[in-house]
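Line by line, the protein sequences are chains A and B. Take any residue in the first sequence, count from 1 to its spot, add 17: that is its number in the numbering used here. Take any residue in the second sequence, count from 1 to its spot, add 17: that is its number in the numbering used here.
To be clear, the hints were calculated from the coordinates, so they are not data collected in a lab. There may be inaccurate statements among the hints.
In silico BS3-like links for lysine-lysine, alpha-carbon gap of 25 Å or less [said to hold, decoys possible]:
1) K397/A with K397/B
2) K397/B with K368/A
3) K105/B with K397/B
4) K397/A with K105/A
5) K359/A with K105/B
Covered, in the sense of this in silico footprint (three residues per stretch, anywhere, with C-beta under 8 Å from a C-beta of chain B), are these stretches of chain A [what the hints assert, rightly or not]:
6) 61-74
7) 325-331
On a predicted model such as this, the values are computed, not experimentally measured, just so you know. Just so you know, even glycine gets a beta-carbon here, dropped at the ideal spot from N, CA and C.
Now for the letters of each chain:
There are 2 protein chains.
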Amino acid sequence: MLRMDDGAVAAAMFTTNQFAAAPVHISRDHLRNSCGYASVLIVNSGCANAATGPHGYADAQTIGDYVAQECGCAPDAVLMNSTGIIGKRLPMTNIQKVIAPLAQQCVPGSAEPFARAIMTTDTRLKMSTRLVASGVTSGAGTTRTTQATANTTQNPAHSKQIRVTGVAKGAGMIHPNMATMIAVIATDAALEPHELNAMLRVAVEQSFHRISIDGDTSTNDSVFAFASAQRGAAADHGELQRAFCEVARELARMIVCDGEGFTRAFEVRVRGAASATDALDVAKTVATSMLVRCAITGGDPNWGRMLAAAGRSGTRLNPERVCLRVGELVLFHNGQPADIRKDIAQAEFCKPNVIVEFDLGQGDHDDFFISSGLTQEYVKLNSEYST
Amino acid sequence: MLRMDDGAVAAAMFTTNQFAAAPVHISRDHLRNSCGYASVLIVNSGCANAATGPHGYADAQTIGDYVAQECGCAPDAVLMNSTGIIGKRLPMTNIQKVIAPLAQQCVPGSAEPFARAIMTTDTRLKMSTRLVASGVTSGAGTTRTTQATANTTQNPAHSKQIRVTGVAKGAGMIHPNMATMIAVIATDAALEPHELNAMLRVAVEQSFHRISIDGDTSTNDSVFAFASAQRGAAADHGELQRAFCEVARELARMIVCDGEGFTRAFEVRVRGAASATDALDVAKTVATSMLVRCAITGGDPNWGRMLAAAGRSGTRLNPERVCLRVGELVLFHNGQPADIRKDIAQAEFCKPNVIVEFDLGQGDHDDFFISSGLTQEYVKLNSEYST
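Kindly produce the complete structure, drawing on both the sequences and the hints.
As structure tokens, this is what we get:
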């Protein structure tokens with residue numbers, strides 16, 4: 018359970034999966050009914066409460082009502098999510114038993130216990146914090162904190178600084194639209210609901226919509242945002258947006274680097290595309306190609322697979338103008354391979370974070386996508402998940 | 018090398034990958050120049066001759082010219098393909114050395130040595146034959162041969178029967194459009210170039226465009242068809258088309274069942290879709306979902322992943338009307354899970370060929386897609402491919 022101050026502003030983005038889980042439907046309804054205010058988020062793992070029909074919907078509603086009662090807030094002020102196996106009913110007795118103690122223990126704005134509680138196959142806690150100077154005239158910029166802190170909104174030591182803290186869980190079914198996990202970004206800045214909503218959308222587009230672990234957009238994944246309106250301070254919206262983006266990108270990268278069976282991350286950067294869509298399509302197709310991802314795992318400099326993936330992306334390309342670079346090495350340009358020794362190419366493919374760069378030579382649009390090597394361990398984990 | 022009678026009719030479908038290999042470009046040009054006639058197909062493995070620029074193009078042209086000279090045919094009568102690593106030049110000396118002996122040994126219409134020669138990571142020979150009664154008034158239908166035979170066109174024992182024989186190689190980079198491997202279907206029926214071309218397209222759409230091993234459409238994959246015009250006999254085109262489709266579907270299934278790291282095939286059948294596109298999109302998205310494929314490998318009855326994949330396919334669904342059946346069991350209907358014991362569901366997921374059926378309850382369009390479980394062995398093989 019994550020509690021915010023009463024009357025906190027809230028926003029969310031939900032999975033686009035048409036079998037969206039009951040808690041997704043209910044959270045969406047609550048946010049609409051409250052016009053963008055919520056103060057409690059409750060999450061369970063082990064059971065997704067998706068594809069569970071009217072019973073599943075009633076279960077989620079019961080939990081929401083019970084949380085509202087124990088927290089002393091309106092039912093619409095409760096947001097919720099579930100993660101786990103699809104098609105199973107929630108163990109209601111177990112869940113109801115813990116809600117009252119949770120509501121008592123849970124300190125508003127305390128993020129770390131929540132971040133720990135939502136871990137499933139995650140092996141590491143995922144938190145990220147940025148500080149922004151308060152006051153709309155501030156030019157101080159975004160400051161990176163040196164260590165994750167436990168509070169999202171209480172900020173006594175830096176009374177002139179606004180805090181943006183995010184937490185997330187991975188680690189399977191990671192793919193855009195929406196669809197990438199559960200994440201929460203909270204700030205003590207004063208924002209209107211529409212402002213928080215817009216800020217969340219920009220941040221998600223540059224982060225959780227640019228990562229993939231397995232190409233499967235799940236039925237439950239959601240990103241929530243909160244702004245503690247009551248004690249909130251004004252901030253430069255540009256700086257605050259930048260902090261939101263940085264937190265979201267750091268969380269997104271943490272999710273990739275803690276993906277099931279993770280060994281090595283890689284980033285595909287595309288520039289020189291004729292349109293924004295082309296840039297994203299090429300980046301995403303290369304980053305999610307199974308054969309590319311296998312080569313990344315093996316540190317195998319089989320760059321031809323990257324060209325082949327770009328060539329099947331659906332984007333109109335001119336092979337003569339495409340330049341492919343991996344790390345420091347140009348591997349393909351002017352329609353032909355560069356003369357690179359295999360052991361030298363291999364060294365670039367064995368780095369912990371491989372950077373793949375395409376210049377399509379057709380325009381000035383760019384984009385990126387982050388993924389990881391596909392491993393035997395991933396397949397093993399996911400072959401035995403429910404049994 | 019596969020030789021047909023001089024003046025044989027030919028057709029082909031090629032990869033849609035924009036980094037299509039040099040032999041793909043040259044074969045396409047030859048077929049256009051000859052208006053649909055060709056009598057030799059030459060294939061090499063180990064090197065795809067893709068992304069090799071003007072040098073690679075010149076290499077392929079040199080091979081084509083040399084084959085034409087040794088076989089005593091026009092350069093345009095030579096079709097070609099290459100399979101293997103992308104971005105490497107062909108070992109020209111080695112290839113040129115073997116062309117003259119090949120041209121001497123190669124008996125027109127002899128398919129089995131060709132089928133053996135094109136095997137790469139394939140573990141089994143892939144051949145399929147159907148016989149069709151000759152004469153346009155025949156109603157005898159398609160007869161399945163009990164064993165693969167070595168001749169595609171010579172047919173002394175069944176002088177009144179027309180033969181359709183196909184051969185194929187897999188086994189990685191298998192995905193539609195075009196893009197699935199090298200396959201050849203040959204017949205001794207008399208067909209015009211446009212008739213053979215149309216017949217090939219119908220057969221490919223129902224076979225090689227409905228299988229996926231890894232979602233990667235390669236730079237080289239091609240399906241060729243030949244009809245030995247000179248000795249050709251007339252056949253009922255409906256029967257002949259059916260034979261083409263059966264041969265192509267059998268080869269496609271052989272490719273899936275010999276995919277890299279294969280353990281278990283599964284077929285996703287969709288009916289009740291509002292449009293043909295919807296039916297295919299749902300079938301393909303479910304069949305190619307990595308999480309579904311992992312569950313198939315493990316015999317894990319995690320059917321929620323199938324619903325989740327359908328839900329992200331981009332097709333507009335009404336979850337209340339979707340029915341999901343695996344084998345004999347209805348697992349989800351009326352918007353909720355059926356009450357099925359896990360061990361009973363597991364038994365269906367452990368069958369050698371799992372049948373997944375979706376009824377979308379929205380219209381009368383149907384389609385299917387065939388894939389296989391994703392295995393650790395696949396990842397291992399493809400992590401070390403070029404090194």
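Here is what the structure says about each hint:
no.: 1; hint: K397/A with K397/B; verdict: holds, 12 Å
no.: 2; hint: K397/B with K368/A; verdict: holds, 19 Å
no.: 3; hint: K105/B with K397/B; verdict: holds, 22 Å
no.: 4; hint: K397/A with K105/A; verdict: holds, 22 Å
no.: 5; hint: K359/A with K105/B; verdict: holds, 11 Å
no.: 6; hint: 61-74; verdict: holds (count 8)
no.: 7; hint: 325-331; verdict: holds (count 5)
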